[in-house]
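Engineer: Sequence:
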Amino acid sequence: MEKMAEASAELLDWPKKDNRRFLHVVYRVGDLDRTIKFYTECFGMKLLRKRDIPEEKYSNAFLGFGPETSNFVVELTYNYGVSSYDIGTGFGHFAISTQDVSKMVETVRANGGNVTREPGPVKGGGSVIAFVKDPDGYPFELIQRGPTPEPLCQVMLRVGDLDRAIKFYEKALGMRLLRKIERPEYKYTIGMMGYAEEYESIVLELTYNYDVTEYTKGNAYAQIAIGTDDVYKSGEVVKIVNQELGGKITREAGPLPGLGTKIVAFLDPDGWKTLLRIFLHPRERERMNLVLSNNYTETNLATWDLDSGSGGQQRFSEGTGIRREMMMVEVTTLRRNHNVMIIKENETSKMNNTLYVYTVGCRRVIFLLTSTATIVKTAEASSAELLDWPKKDNRPLLHVVYRVGDLDRTIKFYTECFGMKLLRKRDVPEEKYTNAFLGFGPETSNFVVELTYNYNVSSYDIGTGFGHFAIATQDVSKVVETVRAKGGKVIREPGPVKGRGSVGAFVKDPDGYAFELIQRGPTREPLCQVMLRVGDLDRAIKFYEKALGMKLLRKIERPSNKYTIGMMGYGKESDSTVLELTYKHGVTQYTKGTAYAQMAIGTDDVYKSGEVVKIVNQELGGKITREAGPVPGLGTKIVSFLDPDGWKTVLVDNKDFLKELK
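For the sequence shown, full-length UniProt numbering begins at 1 and goes up steadily by one.
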């Protein structure tokens, strides 16, 4: 019995370690072409793919705001001869974030759509929203926000027991409760569930209306699909949680007949269906991992499925022949490769010989395809060699990005109270945001803050995970009195720091961000700390050492106060900016809120740096949120990712960053 309990506990920990991403939401429509037209013209979605299955009498289409490999999308299903469906009382709405709600509402109205709530402030908040219905009657909430990588941002479902539902999605699916909103005056409570911060990802909004325990499901809404690395293990977790909280498996884990994609499907305690599937079929994964030499950007490639079904990696040597049937596909890739010997293409028969590279684990295999395909060379892309890169790289801390409700007010406070200088300010009206860079020295040599103001958004949720920024000053008391005189909030008066001889104080800026003031002598870097809370300090330290090449400068144990701190950075703590990682004993999760965004760090090679992060993600957790490459319209090359605790970092090409400043 004891061993069984241990096995269950280990299984229940799997969803937190798994690579989970919202893939798509599936629902039925009565006229596929009509809905595609409405979504593309009114919402700005793109048709990603469409397929007709006449033998099964249905067609479906995938639409979204970005590719399926990185974005959450909708899968519309049209069953031949069925023109309408019952949406039921349990389905709530989808949500789309847009920089101009009023403009989108007018587009919907002009295209004959149904506007069910005119644009206006949301109850109890400052953001602007509206509600519209598509031609099949599905409600869409339109939310006014700044630029986001995930405009299709919510799926709302009603539940009969919110606490039970939250517990189910946490335990069975590894989601986090991002926010809980109590509205007793309107007799409902909401739980926002997801895998990443709400402002930049898709969330599942679970709504409980007081005293309503059952809803009709109708036959319109179908399911949400979520990616997993192991459907079998994930299915076993769901079975354990089903026994405790309710729900049931509707399809046992295994490959789909005729397709091979492995899935598992189940109902939650309220009867809502989720499908977990391997994110990419092995052959699809192979296509995704293709890395072309610089001579190619788009070409027809023959692909070969390396997954023989055994689940192991296959290794090949020079001269090995491929004897399996090949399939021709068209592949477009923007990724570069830094670890492979590139062989020149056969100049005499370019049409028949195509050079390409793909990834198998940490090996890069090069093929020269002829009528009888043969591997002509293999090259090891050593993980050890890659993992050594961050220590050799040029990694300056560039800036920290966060959102404010009144940009001019914050600029005034920072310049008058802290002595920062306004370095640059830019307004981007077409995207409805303004930002400003402030610091104690130029961006070319100093760490600075990037403040973002999204039009008409006056406040943000800082969350429980963000800690504080820190400023070094030669006179803490003087800065505190200046803050007090300017109407700022002093939350800790100047005094000795526990366990140290230095003097410190804490104040808050107008948006509620905490600043620690530390008394020090003259320093090159007065903006000296960013403090973030983590659920596993040893794991976090290891991540920042391996993925980002930082050093552990100091570890501070405070058992009497029940916390431990790790100071991470690239230089001496006294004259550079450090990342202060704080672990509160027994606390493993925090809310991220919508206020703090990310840190930006320079690199000489975003592509190589991105590959390192991927290796470390596999070992310790976290995920890539933006593949390495240039930002559209700007050209600056970046790669962005989350650490195991969900904190975001952006690595920026050093040369491109300097060009941007000019």
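FYI, nobody ran anything at the bench for these hints, they're computed from the structure.
Just to be clear, a hint being listed does not mean it is correct.
FRET-style restraints, in silico, Cβ to Cβ [unchecked claim]:
id	residue 1	residue 2	range
1	K508	D408	11 to 21 Å
2	D575	Q243	40 to 50 Å
3	Q243	N394	48 to 58 Å
4	T213	N561	55 to 65 Å
5	L634	Q243	43 to 53 Å
6	G441	K555	26 to 36 Å
7	G227	D86	26 to 36 Å
8	T464	T69	30 to 40 Å
9	E56	G227	35 to 45 Å
10	N19	K248	17 to 27 Å
11	G441	N394	11 to 21 Å
12	N394	N219	24 to 34 Å
13	S84	K412	39 to 49 Å
Keeping only pairs whose Cα atoms sit at most 20 Å apart, straight-line, the calculated PhoX-like set for lysine-lysine is [unchecked claim]:
id	residue 1	residue 2
14	K233	K217
15	K392	K233
16	K546	K17
17	K432	K103
18	K17	K180
Ideal Cβ placement from N, Cα and C applies to all residues, glycine included.
Engineer: Does each hint hold? Answer for all of them.
Structural biologist: Hints, verified against the model:
Between K508 and D408 the Cβ separation comes to about 18 Å, which falls inside the hinted range of 11 to 21 Å. About 57 Å separates the C-beta atoms of D575 and Q243, a value inconsistent with the hinted range of 40 to 50 Å. Checked against the given bound of 48 to 58 Å, the beta carbons of Q243 and N394, roughly 54 Å apart, stay inside it. Taking the beta carbon of each, T213 and N561 are about 44 Å apart, not inside 55 to 65 Å as hinted.
Between L634 and Q243, the C-beta spacing of about 52 Å keeps the proposed range 43 to 53 Å intact. Between G441 and K555, the C-beta spacing of about 29 Å keeps the proposed range 26 to 36 Å intact. Between G227 and D86, the C-beta spacing of about 30 Å keeps the proposed range 26 to 36 Å intact. For the pair T464 and T69, the beta carbons lie near 32 Å from each other, so the given range of 30 to 40 Å is met.
Between E56 and G227 the CB atoms are about 24 Å apart, so this pair departs from the stated range of 35 to 45 Å. Checked against the hint of 17 to 27 Å, the pair N19 and K248 passes, with Cβ atoms roughly 25 Å apart. Taken as a hint, the range 11 to 21 Å holds for the pair G441 and N394, whose Cβ atoms sit roughly 18 Å apart. With their beta carbons about 58 Å apart, N394 and N219 fall outside the hinted range of 24 to 34 Å.
About 57 Å separates the C-beta atoms of S84 and K412, a value inconsistent with the hinted range of 39 to 49 Å. Only pairs whose Cα atoms come within 20 Å are accepted, and K233 paired with K217 is rejected, the gap being roughly 28 Å. A hinted pair counts as satisfied when its Cα atoms are at most 20 Å apart, and K392 with K233 does not qualify at roughly 39 Å. For the given pair, K546 sits about 18 Å from K17 by alpha-carbon distance, which is consistent with the 20 Å threshold.
With a C-alpha separation of about 12 Å, the suggested pairing of K432 with K103 holds against the 20 Å cut-off. Taking the CA atoms of K17 and K180, the gap is near 24 Å; set against the 20 Å cutoff, the hint is violated.
Hint violations for this structure: numbers 2, 4, 9, 12, 13, 14, 15 and 18, all remaining hints satisfied.
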